[in-house]
Amino acid sequence: EPEVTQTPSHQVTQMGQEVILRCVPISNHLYFYWYRQILGQKVEFLVSFYNNEISEKSEIFDDQFSVERPDGSNFTLKIRSTKLEDSAMYFCASRWDRNTEAFFGQGTRLTVV
Amino acid sequence: DAKTTQPPSMDCAEGRAANLPCNHSTISGNEYVYWYRQIHSQGPQYIIHGLKNNETNEMASLIITEDRKSSTLILPHATLRDTAVYYCIVRVVGLGNQGGKLIFGQGTELSVKP
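The listed protein sequences correspond, in order, to chains B and H. Heads up, the first sequence is in the numbering used here, so the first residue is -5 and it goes up one at a time. Heads up, the second sequence is in the numbering used here, so the first residue is 10 and it goes up one at a time.
For the record, the hints were derived by calculation from the structure and aren't laboratory data. The C-beta atom is built at its ideal place from N, Cα and C for all residues, glycine as well. Among the clues, some could well be false.
If you want a taste of the chain H side facing chain B, the calculated C-beta under 8 Å gives, among others [what the hints assert, rightly or not]:
no. : residue
1   : Cys21
2   : His58
3   : Leu60
4   : Gln115
Generate the whole structure from the sequences, applying the supplied hints.
This is how it looks when you write it as structure tokens:
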């Protein structure tokens, strides 16, 4: 069964460093998303991406964040200068149409120290 | 997207049906009811969705009331592996939801006990 793949599974970084979280969505999907979940809290929407541009973003997704689909398979989330409060699980998701179900990856646990 | 209300937690005996309720009294005509679950901080997993008719798939059944103000997710024979947080999400389908985002609430923490 096709799945969304995220790497790495766990990333530890120093405060102020840049991190790139990587995702390989399901191959025929057209809509891509990033969500995050701070420990013990609910899953929060960050950004949606379609046709090589951001289609929607939340208030959390400020200038420190960016997304990119550098080739036909990868979808990345970059955090330019990490803060302690960026520590969370980051989930990538994809769907082939905006009205179909979304498939989520297993997440990257980001720890900022 | 319409707000949903779910009980924070529920218990269910293994092998019995688990019935998870969700209130969405402000749902509008073009909003679907989706159910996802999250097993111990893994990525959320799609279960089922519906508009107004009852739906069934290999995982669960979805019962939506006639006025669409509430719904129930039914896991017919719950197993220990069904222990998870279950999210009821109401979202617009179609042009009104440009990006297709999902707005998660706190969900219901279902514990299936032996």
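Evaluation of the provided hints:
| no. | hint | verdict |
| --- | --- | --- |
| 1 | Cys21 | 22 Å, violated |
| 2 | His58 | 7 Å, holds |
| 3 | Leu60 | 11 Å, violated |
| 4 | Gln115 | 6 Å, holds |
Of the numbered hints given earlier, the model fails hints 1 and 3; all others are met.
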